[in-house]
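**Q** What follows is the residue order along each chain.
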Amino acid sequence: NQRGADTERLLLTGSSTMAPLLTELAIAFENQRGQTRIDVQTGGSSRGITDVRRGLVDIGMVSRSLNDKEDDLQAHLIAQDGIGLILNTANPVVSLTDQQIVNIYTGAADNWQLFGGANEPITVVSKAEGRSTLDLFLAYFKLPVADLRAHIIIGDNEQGIKAVAGNAKAIGYVSIGAAEYSIRAGLPIKLIPVNGVQASTDSVSSGLFPLSRPLNLVTRVEAKPGQVSSTTAADFIRFAQSDKARALILRQYFVPPQG
Amino acid sequence: MTKSVAFGRKLQHTTPQDISLQSGPPAISIRNLGLSYGGHKVLKNINFEARAGKITALVGPSGCGKSSLLSVVNRLSDLQACKVEGEVFIAEDNILHSAVNVLKLRRRIGMVFQKPSPFPMSIRENLLFPLREYGVKGDQLEKTLEDNLRLVGLWDEVKTRLNDSALVLSGGQQQRLCFARCLSLNPKVLLLDEPCSALDPRSTQIIEALIWHLRESHTILMVTHNLAQARRLADDVAVCCLSDGVGSIVESGKTAQVFDFPAHPVTAEYLGFETAEVRSSD
Amino acid sequence: MTKSVAFGRKLQHTTPQDISLQSGPPAISIRNLGLSYGGHKVLKNINFEARAGKITALVGPSGCGKSSLLSVVNRLSDLQACKVEGEVFIAEDNILHSAVNVLKLRRRIGMVFQKPSPFPMSIRENLLFPLREYGVKGDQLEKTLEDNLRLVGLWDEVKTRLNDSALVLSGGQQQRLCFARCLSLNPKVLLLDEPCSALDPRSTQIIEALIWHLRESHTILMVTHNLAQARRLADDVAVCCLSDGVGSIVESGKTAQVFDFPAHPVTAEYLGFETAEVRSSD
Amino acid sequence: MYRHKVDIKFVGLLRLLVMLAACIVLLIFGFLLTEAWPFLFSEHGGQLFTDAVWHPTTGQYNLVPVILGTLYTTIGAVSVAVPFALATAIFCQFYAPRWFGRLYTSVMEVLAGIPSVVYGFWGLVVLVPLVASWQGSGASLLTGILVLSLMILPTGTLLAIAALKQVPSEWIQGSYALGLSRWATIKNIALPASGHGMLNALLLQSTRAIGETMAVLMVCGNSTLFPFGLFEPVRTLSANIALEMAYAMEMHRAALYSSALVLMVMVFILLFLNQFQNRLESTANGKS
Amino acid sequence: MMSKAMSQGDRIIQMGLCCPALIICGVFVWLLFDVVSQGISGLSWQFLTQLPADAGRAGGIVSIIVSTFIVLIIALLVALPIGLGTAIWLAEFADEDQTGMAVAVWVRRSLQLLAGVPSIVVGLFGYAVFCQLLGLGYSLLAGGLTLGCMILPLLIGSLEAGLRAVPCTYRINAVALGLSKFSVIRRILLPQAAPALLAGLILSIGRALAETAALLFTSGYVTRMPESVYDSGRVLSVHVFDLAMNVPGGDKNAYATALVLLLGLLLINSVLKKVVNIWAAREN
Ligand SMILES: Nc1ncnc2c1ncn2[C@@H]1O[C@H](COP(=O)(O)OP(=O)(O)OP(=O)(O)O)[C@@H](O)[C@H]1O
Ligand SMILES: Nc1ncnc2c1ncn2[C@@H]1O[C@H](COP(=O)(O)OP(=O)(O)OP(=O)(O)O)[C@@H](O)[C@H]1O
Ligand SMILES: [Mg+2]
Ligand SMILES: [Mg+2]
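Protein chains in written order, with the working numbering: chain A, 1 to 259; chain B, 260 to 541; chain C, 542 to 823; chain D, 824 to 1111; chain E, 1112 to 1395.
No incorrect hints appear here.
No farther apart than 25 Å at their CA atoms in a straight line, the calculated lysine to any residue pairs in the SDA-like style are these:
#1 E:K1385 - E:L1187
#2 C:K678 - E:Y1281
#3 B:K342 - C:R702
#4 E:K1385 - B:A340
#5 E:K1385 - B:Y296
#6 B:K418 - B:R461
Calculated directly from the structure, the hints in this document are not laboratory data. From a predicted model like this one, the values you see are computed outputs, not experimental measurements.
Construct the complete structure from the given sequences, taking the supplied hints into account.
**A** Laid out in structure tokens, this is it:
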């Protein structure tokens, strides 16, 4: 692995949601700096945390905020991702209250008729357990995970979008950026407001949208000083948080942090 | 697989699909037959007749195309990458016609191969499964099994192990088993490719007696290297010889005629080996 | 695969690993040999001697275990699931001893099988590939090729297509090729399992002359169903017969002795088939 | 056993290679064991079968619905794929014109190389809505079975064709010479003679179906509730791992590795069953 | 073949067998049509020769093709010798004695077990052993090694079947000539088993190219042009997966990449067949 002694190397692992964004950031950074090589690998947020802790990588990608048990790590926010509820465009329902959503997701309400839709059973699409999107969703609606009654459990955003696009009876929650892109691309899905707030990247960036999660780069708190890589790492994090990165973040349908 | 067929005028008087299973044994008449394997010509200008209910022996040096000739008569040649020309009439039908029902044809024509190859199943099943396919049932099966094994002199040797695999039988036993299998289907024509080559004299005698016994009711075309056997059994003899690497029938006719007064010098030379003494040549 | 070996007293005077490749052909002496396939006894109490430099013919009905017996002599029986008892001495060595170098042994003992089976390669390679294995090189190869093909009378038939696959040869050609392949390694002992069964009279005569020619310099043990052939060629004859389903040697000795004055009624009966006439039995 | 000089070295080398090949599974097993250890061999171990549900984040680890899901999809996919694979293999080998057989084989060879994501993707975009328009949510056991059987079909067909090709032509010719129809030849000679190869193909495809991840994940619905019908969503063991491994921590993670072990044990049981059946068969045939 | 060689029953069965074949054909034509029709628009010379851009939505896949090729070669370099050796041992040497037979049973069982390990588990295993234990990191080498492990069962299965199908008479004849097993295997058995070898190879290559999960964890996610086997590189199937599941708007290029994968496979298969044909012709 030790070729090109004059080339600085940086390895990032973690969230697959963030990986495409970081790949683009890395290319831009490399072009700017020269003599630097940044490899982005996926494996999930927990892989990012574990690898940083073990010192295997310099930076981890984590698509949620750090919890109490992770105070040995330091989070660097680079973007926001909103989570919006989506329906098929064939569904006449245009909005749902928080309580109605809770009822749907706990199985208490199982027909669209109850909400002014057609007389059809509801197909509930949810995320797999442990995923940060699900945690965020549950936390906002104050739902215990055991109460969830989902028909389809998905992994990644695109799967959720395709599941809802292909099924007029479905409801799901996915990354707003991805949903907006798909809507523009003509897929038959629509975002519905949450708690009266329109689900859009704008409302996320303005901080109004209640359901949003941070996309963090994570490093160890006591990163050893004097390491070449760590200064490079610091430079890269600074680059990712700079204005130059904003356009790239927007291009990947995420929301740059305000301020 | 490709196959060129002569649509001769002779065909017009018959519907070849209906190879009839008449009771009597049919005559086989081969006309202008040629055969080549992928461009390499093996047989040409074959013309001869195997009379109905008689034994015709086909003799000739190794590699002259006798086995290939036999395989044309029951259309097994279809399975090889070979090209066949000419006509083969069985009774009145040109069996090389593409509309011939080859299954019926092959059922009517039994064949025993030069290299015996029993199926990979028990001795009993080797005989019974073709019968069952033809709808024979119940007691009839067991009876046919025993009868045919007795006919070829195998019954006493294998009766205690009918359920053993046929593949462990000795060479001669395998050949006799194949003969029995072929007979169990009651064919009207028999193609025998050196049926006694793997056999000891006792079995040879049993098989020869059997062949003799099957005369009259069957038309038999047999390849043999054993000229004494040909003389003993055959009514007619056809001598196949190589010239320029291609086989052809140089002479055919009544056995005694061909053996005692060969018309062709090649035949004379070939038949001359019958009596040659080895030690004296040393 | 398992193999029981008699560690007899006789062994003590020899180190069996070193089967010597002395110049002269060795004698083969078989003592108290028994053989069974998975509990099914096939041979028992086999005792006879094949004299050095002589031709010994092994005759007997189909299935009596002749091929099995031959396979013991070059330890091919090792490959089968069979159990062998007794002793087989070649020159002074009991070759059934487990410490015997079977590779040297097999090189010294050539074998031609009942079913000819050339390797799936060109005619040329069929002969040259074993030679190369034994370290023969260069011009010597081509010379051996031609010599041996000539010996079996195949040269003229195949010289133009030495690079064709050996598998498309006719049955008889294949057998002669196998004979040539076996000879090319210069064995001292020859085991021939019906070497002429697939051959026409002309080739038979060539092979018989060859066998006769190889006498003196080789010890030859041949299985044959052709009693006339045995009489023509063999110095000694051993007659193998079945009793109660198990094969054993009922009589052995000088050819003329056995044929003309058979000591055993079974032999007499068996040899009686030599002259039997089929038609007369009809 | 006496050996040629070359052979002694050759066999030595072969033994080495065999050991290498056989070791991989042991290594994987060891790896899984160490990762699963904290869960499997603690008070949690039994929970895999006694808990009410699979809610790993709240410490509930019932794997039974997932195991059932795996069994259902596998059995379903194999029983759909096998008749089709067998029928097409026989058709190609004995009935179809040669060019068709050759073309079909080539197409199958290409299909065998389609990434499972593509099958999953196609299932998600085409099959799921199709089934949904009929009944339920579309993402269901049925869709899973269909996609999975499509996935294992190409390889299965190819292996079946290969097994049929290996039947010696003497036997086929011998059968034709008796005037037997093709079907009689196939039924009595070709199929029995290629039985071993067929069984091997079946086994290989079953294990493949058990282990398949991506395609199943995309079309099965992945609910961890007990599956009660063809139109109900199911989750398989491998999908379970793929869905949750990326975010799982500590005990949850170890539980997932334990589920991988469970999967391997299932495959192992399958292999034992197969061997048992082999033994039955060989005694029935009376072959040595 | 010869349609006239059929009985009435045969014809019915032919019809009966024809139906499943046609159904399967239909379904696969549907699937292939989808892939081809959606992928063809994205296919262009630029697509094959440019580096990916904008997370794969734009640009081409040249680096990904190169990475795939390298991983495949490494996997075959690892799996072929081991697979061939194991298959030869299983088919030719295992039955020689009791221990051999017992060992063979377990070897076969372990290989079948290996075939059943989910690819994601193999991926995690490959990461733990090759990337971490052996210190290869995310690299094409680690990916190739992992993939090698994955295709081993398929390869060995078809090779062993091919070797076993070679008639026994060849072996007996060779033994009677006192030839070494090595040369018999090299000169007779392997050429005879060549078609089976080829079939196994083609199957394995297909399987290898289709593999996603195992490679995501070992050869990695990096889209840069690899400079050595120690570099991380993304393979085609991972690219398809990422574009389809993780990148909004990646569908079009996902299809195009899948199409490239299929065409590549077709190319490799036909080249292999040609090579084996030529080789077999030379051997005979
Ligand atoms: N499938 C085949 N492909 C190519 N050539 C073949 C094929 N079968 C036979 N031949 C060639 O055709 C010729 C005739 O072979 P055939 O087996 O018919 O001879 P034969 O007269 O039966 O000889 P034998 O008495 O030795 O059995 C031989 O030269 C042989 O090499
Ligand atoms: N591998 C085997 N397994 C079990 N039984 C066998 C095996 N090989 C041969 N036999 C049996 O052993 C007996 C002797 O067979 P062998 O082949 O030695 O006979 P043979 O004397 O050569 O007969 P033939 O003259 O017909 O070739 C036969 O009854 C045969 O069924
Ligand atoms: Mg012949
Ligand atoms: Mg014999």
